[in-house]
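These protein sequences, in sequence, are chains V and A. Sequential numbering from 1 applies to the first sequence in this note's numbering. Sequential numbering from 810 applies to the second sequence in this note's numbering.
One or more hints might be untrue.
One side of the interface only, derived from the structure: several residues of chain A facing chain V at Cβ under 7 Å [claimed, not checked]: (1) Arg953; (2) Ala993; (3) Lys996; (4) Ser1070.
With beta-carbon atoms standing in for the labels, derived distance ranges [unchecked claim]: (5) A:Glu1058 <-> V:Gly683: 46 to 52 Å; (6) A:Met851 <-> V:Glu791: 23 to 29 Å; (7) A:Met851 <-> V:Asp42: 20 to 26 Å; (8) A:Pro981 <-> V:Glu38: 52 to 58 Å.
Stretches of chain V that chain A covers, calculated by requiring three or more beta carbons in the stretch to come under 8 Å of a beta carbon on chain A [unchecked claim]: (9) 288-295; (10) 589-602.
Honestly, the hints are just simulated from the structure, not real lab data. Note that the Cβ used here is the ideal one computed from N, Cα and C, for glycine as well.
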Amino acid sequence: MKKLDSHQHMTTPVIAARSVGTRVLRSEDPRLLSGRGEFIADINLPGQLHVAFVRSPVAHARIIHMDLSAIRDADGVALAWSGQDVAPLCEGLVGEMAVEGCFPTTMPLLAKDEVLYVGEPIAVVVADSRYAAEDACELIDWDFEELPAVTNADAALAGGPVANPQLSDNLGLKGGASFGNVSEAFEQADQVVQGRFYTCRVSAAPMETRGVIADYEWASKGLRLWSNTQMPHYLKYMLTAYLGFPEQGVEVITPDTGGGFGQKAHVYPEEMLLPLLAREVGRPVKWIEDRRENLIAGAHAHEQFVDIAYALDADGKITGVRTDALGDGGAYHMPPWSMAVEPWCAVVMTPTGIYDIPAAEYTYSAVATNKTPVGAYRGVGYMAGTLARECLADDAARALGMSPFEFRRHNVVRDFPWTNAQDIVYQEGSWLETINVLEKMVDYPAFLQRQSELREQGRYIGLGLSVFVESSGESTATSQEHGLGDVYHDTATVRLNPNGTANVTIGLSAQGQGLATTMAQMAADTLGINVEHVSVQTARSTSHAYGSGTIGSRGAVVAGGAVARAADVVREKVRLVAANMLEASVDDIQLTDGLASVKGVADASVSIADVATSIYFDTSSWPEDFEPSLEATQAYDPAQAMFSNGGHAILVELDPETGFVRFEKVYSVEDCGTVINPNIVEGQIRGGVLQGIGASVFEELAYDESGQILTTTFLDYGLPTMDVAPPFEIHHLETPSSHSASGVKGMGESGLIAAPAAVLNAVNDALTPFNVVLRDLPLTPQRVLKAMSGELSTAQQEATSTQGETGHA
Amino acid sequence: MKPPKFSYVAPTTLDDALKHLASDPDAKVLSGGQSLMPLLAMRLAAPSILVDLQHVPNLSDIEDRGDHIRIGARVTHREIERSALLADRLPILSAAASHIAHPQIRSRGTFGGSTAHADPSGEWPTILLALSATMQAVGPHGNRTIEADDFFVGPFTSTLRDDEILTHVSIPTTRTAWSFQEAAVKKGDYGLALIAATGTPRGGVLVDPRVTVGAAVGSVTRLVAVERILTDEPLTDELAEEAAVAAAESVKPISDIHGSSDYRRKLVASLVRRAVVELKNGA
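Pulled out of the complex, with its shape left as it was, chain A reads as follows (with noise of 0.2 Å):
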């Protein structure tokens, strides 16, 4: 388990970062590493060059911006959880930073990094989907601005093009309901199935609500049926029930060893339920 022969720089500019990005097909970012290195020690990755963002300067702030707060891709998962803002502002983040992985490895590993691996399983990419999050990101030709729901396209795929690199997530702190539900057999493993649902409560009910699912699908997506249920409409159990059947209806699940589809439908049910009669609480 030796990764193959790559070359290394750390740059201390985005500028040189995005030179070197662009100076070879398969040169790639690497940032905390937690998913990439063992990547290269199974050999099932083998870039020509790693472009390492640590000496990158302001990549590792969590900035209140009133309506919303912008997260430096350097920041680990760490100090998210740890964050006294994130716990006021987008306790969401909090709570569900605790889930990833253990302590060594939320210690080493980055938002950002997470975020562009997209990997299915991520809590990162489930909650920023539901978060309505943004994603901002610099290549060759400058800035552009990436909504999570145009950004995770596929298992292990974003529209991050291979010589761009995230450098912040902007997140609107006005959903201020939310639930995060994770069923992961033992603390630290990757989920067998996740839930994210958020919303802005107005008059009793939640405004615009996103309900997303990770882990147990293929690629992150939003449970729109389960949405659609939800929105404009008094919590109550009865409409957690609803909402648990349409997830079971709508979700489309993968199966490999830890779980058949059939067992991840009803897990994704279960969930969906635990998430509304916890918002229905929380509201």
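For reference, chain V alone in the conformation it holds in the complex (with noise of 0.2 Å):
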């Protein structure tokens, strides 16, 4: 694989810790806990005028008539368009990734001749109020000729009806690629264990919705667009090249924004139209997305299949993995990442895990079918590959005979740096030690003991376990270390000011990460400083720091890089200075606890804040030559694909009257390198469990064989609330990055990652008395009271089924 050219940009700082590693409270909860944050739905512009969307209530039709005139009649409407309208401004936007074997497919804004998927916008009121707005949308005067719907994945692999008129034979994706003796593995196996394994298509539903306000200055040419978005300058970047807005004129705004978890790491038809209708009516028009439309028509996420076989030896040793992906990608690509996110990332990234298998072969393919198009959601890939590694695993444990603990650490990689058949580089990790720590938290053998006799009462508990090793800090060098060629980098501003506190500005925008406090404790900790006297500004606006997204597991890394490179330059600028004030060599300056000091001299030290109001206020203080600006910019990209792990235990209870799973205890293991903020990596790992929790139990988005969507409510879509959440225990591992800043890596994935598999084990450990395994989620009362009614034996697995009886058409 290419090695990636070394940049003066992918070094970091060496940081003293003292902030880093404690559990500084959030400094952004006084504000968002006591109401003061501001949202988009709290931005109101003088004289803006509400946008309401009229969605496709079919899956699938050809449009024969369409006339908005009632809509444009209707009181209080100020513009109304349908695709034909907005089509000559817009085509569309292009949805692909740059992998082998990917088919692009266009997105209109508004559909023009064929509507796709139940949700898909078909026309666009604007109006004095949302009120009015929606009124108008029902005075729509349209004619469609339905046309057959592709619901399942497998019927549209197959050929037959066409879901996507630019996808003739329903392939969005199709490749594969095999490395070592594959074959060989297989045929000299002493056994082989496989299955097909399905995630369900679930939504990563927000607590805050989409919402887009846009605002247009015909006189300056400029654009203000307010978005929710993960990805501003991303977003900024689309609007110049799909809609010709000059780019230095626009300007993407992101409020406090209540999670996107990957779901607002899109470009929408909504952003696109926004500034669109604003530029044709001239005013601000604002458009917040509703809870139905975001059920609806919000990027759905995770819904494919993998099967996955493993090799085994007689010594229980995998000796290769054959994993195939098959992803339900909904009417088009969604761009940026495509139908390949799911499918793609669950074969390249996540076979082979922790496992020491000299021999990996996979291939991947998506198809479009006649529902909404799927997107990234926390751990994109991840979690489907994981799933099917780690049950595939537990599959193998019991072939075997041994217990789930005792055959992972048998095929566990111990040495490092380790290089995984398909050439990825894993420089570092505990990946033996989560196994053991984990064994020691969950007490195995009082564990065994327990379930057995609870058993003899009818109480049916079981353990499963999930351990992981997840790609972080997404950058140039994960991209290429993957096989794609995507450019990342981020830059931060850091100012000291003349009391000696900083400002700091970043790239990336948050939503609800603690962004704001764990990058003040990495600039508190390069400057010297104390960490209250830190203040941080996430990408509120693309007119600060660049960011290349909040995605990927990697604010704290990318962002916290650049933050220290910026710092490191203006904490030389103050040694510079603190060493002509104490007339000693910069060399021995050091900078820690609000001083700068002397290294091994007791009294030689002056306050840093002295320091920074000499450099504005005191030129006499300043060394020969010297430039006194306090404030840098720098960038950060890291120079090595760098990957966290770890692993979950997790406890559940069946009940068999009902086939209830109720959720006992959860055991996490973490190693994301240095902890930055042990209170936020806890957070993290408790709310990504939780969607973890969610996505195998409680959520799927359900459709019906005409396509038509069935859970647009929470009425209907079974959001994990509190009431679920067992209690967490969580152990912290420490290997740290030997590149990145402090040694801190990505894990804001990792839960949702690796949660599911852990459930599923747990499910189908309790189940054994009743010897079936389960590998579809979500698992069902329905579907988990059908395992222990012994309606299903081992010879007639649920295994291999497309098609659940719930749900998932």
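Take each chain as given, in its own frame, and dock them per the hints.
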């Protein structure tokens, strides 16, 4: 694999940890928890108009006739557009990913000739109020001819009715690769274990839905666009590229945002339409997505089938792995990630996991269906891949008569750096230790005894294990390591003020991760000042620092690196002046705890505040030929791919009368290198695991065979609540990265990546007496009860069905 | 999710409320709004005028009337949940109230509103049918009372007329043996099945037991076959099993994305078994 050229911005300064590693309270919380946040719905511009969309009620149809005149004549309506009206301004958003076998699609901003999924926008209305806009939407006059709806991935793959005329064989993606001698591994295997796993269609369901406000100033040709996007700079670029707004006049503003989880890391038709509408009506326009729209038309996630097989030798070692993933992509590639985001990521990034497997082969495909496009959701592809790999590991352990801990320990990679069969290099990790620590945390022998005692009483508990390794700190190097060519880098600006306090600006928008707190810790320790003296502005506007997006577990690593690099430039200025003031060599000056001191000389120090004051106001303190700016902007991009690791063990109990899965306890081990702030890491674990519990047991976006979505409110879409959240026991391991600032690694996605495998393994462990193994999510009460009723025996495991008995069509 | 245009009045007397209600065939009573407002927001209902009962007096009391308790239509679920009187005299109501949605909804939603809404998944219709409650309604032609057996007649359908307002519900306090079972995937969700069982204990057996099912069926229903089995028989685990079998055989469950009718049949049987065991242990 081609290695990355080294550049200046890939090195990080050495930082003496003071606040890093401590439980600094989130500086965001007093504001957000007391209702003082300002979210997009809170923003009102003078003279603004309101936007509502008419969305398709049918999954697949040809538009025969559309007349918006009644809408245009309605009270309070300023403008109404159909697909015909908007097409000359923008043909649509191209979706594709630069991987082998990806066939692009163009998603129109409003459907023009055919509608391809329920919820697809077919017309847009601008009116005095959202009420008036929605009243007018009801007046649409249109005729359509229904076409066959493609709602099943296997059927789409087999050909037959076409879901999207741009993909005549329904294929949006197809490819594969082989590494090592896979055929030999399988031919010589002592036994082969295999299974087909299904991850159901879900929604990231952020607490705050999407929203866009556009304000166009014709005199200056300036466009201000408010969006709660995770990628403001990318959105700015797209507004320029697709719509031709002059780049220098476009500002994307990201207010406080209530969760994104990847759903807000796309470029949506709504974000492209609002600026065009604002320009047309000459007034600001505002659209706040309602919950029903969010569940129907916000990017969906996850739906894919993963077939996986291990070749096992007589010793119980995995000698080869074959993986095939089939994604149900929905009607279009969702830009910029495409249908590849689930199946491609699943097979390329996860099959070997923590295991020393010498040969690996994968194939991937994604098909178009007449459903909402599938996009990114926290831990793309990793969740399904980890589910398949880790649940198959339990199948293998059962087949070999080994404990799940023993089987994993038997196969785990022990020596680093390790290059896997696909030539991906893992520099370091605590993979073996994770297994050992988890085994101790759950007290496995005691659990086994309790499990068998409870079985006697007709109670069924199960323990599920899932051990993961996660690519983190999404970077140019990570992209290249996985065979892509994406270029990432982010900047941060650090300014030291006259009283020795600092203001920091980063290029990443925040959706609740606590970036303002962790980045203050990184800046404080680099500058040697108190963390309370640092204020961090996350990217509220593209006018400030540059960023590639708050995605891919990259915030702490990438923004942290940029902050440390920028703070380091300022630090060197302070050291230079301090050396001059203390009449010492600059090499001996150290900055810690608010003081610039001379190494080894007890009394020789000056406060950093005094140094800063002197730089601003006292030229006599300056060394010769000094440049007094105490402000620096620096970029950062990790020099190498980096991987966090960890594991979860989840304890469940199944109710044999209702089929309900109750969660008793979650044990988590996380190794994200140096922990900047344990509170924040633990919050990420809790939230991510709970989303994983949701995706395994409670959540499913269900469709019927006609392509009608059946889960359009939280009445029917089962987002987990605090009431199902079990207690957590969390253990931190710290194997620092050798090249990031402070040794930090990213971990924002790990909970959701790994929890579903632990849940499925736990449920299957509890089902052992019933001689049945489930492989499809979600584990609805009905399916669990059926498994417990003896209606499914091992011989007729539920395995390979593409159609569960509930929900997914 | 904005409602279509409607008029709104908040009369201060019951007579005025009735006049407004009679003024337009598409008028609708608004109480706590926890069911009606979502229907409006999703444009599944489009009433011409909403008649808000919040300023109408004498609808918000829980009164002890000796052999029965009278609950005003505007009493909230939360007030029921917290009422010391009900905890003492009709504890099944206190127990069931905590199953209704979430605290915010319980604080706004009203007893009468839920009862009149006749949602088959609602706790109150299932329980009022099991408690043999009496609804008091007032209309342009005066007052009338409707027995629970004659009140809930279909999904979201009661015998309350469009021009009538449900003002109070009277519940006999003689049914001191009770069990309420709800199987909901998460606390606050609508149940997949509800079972309410009540009776008057006398000499080790239940007199006139009533067993009702909600949520799993299209309309709240009495499980007459189960009632027959429980009548005048000593409660035992065997009887509980027999009742469960009878429930499974007689119930006509619905099927939807949350559970097939086969699954709900098993669930109803399990809940009936649990209810009878609870009646046995409590008796």
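Worksheet item: Which of the stated hints cannot be reconciled with the structure, identified by number in ascending sequence?
Response: Numbers 1, 2, 4, 6 and 10 - these are the hints that the structure violates, sorted from lowest upward.
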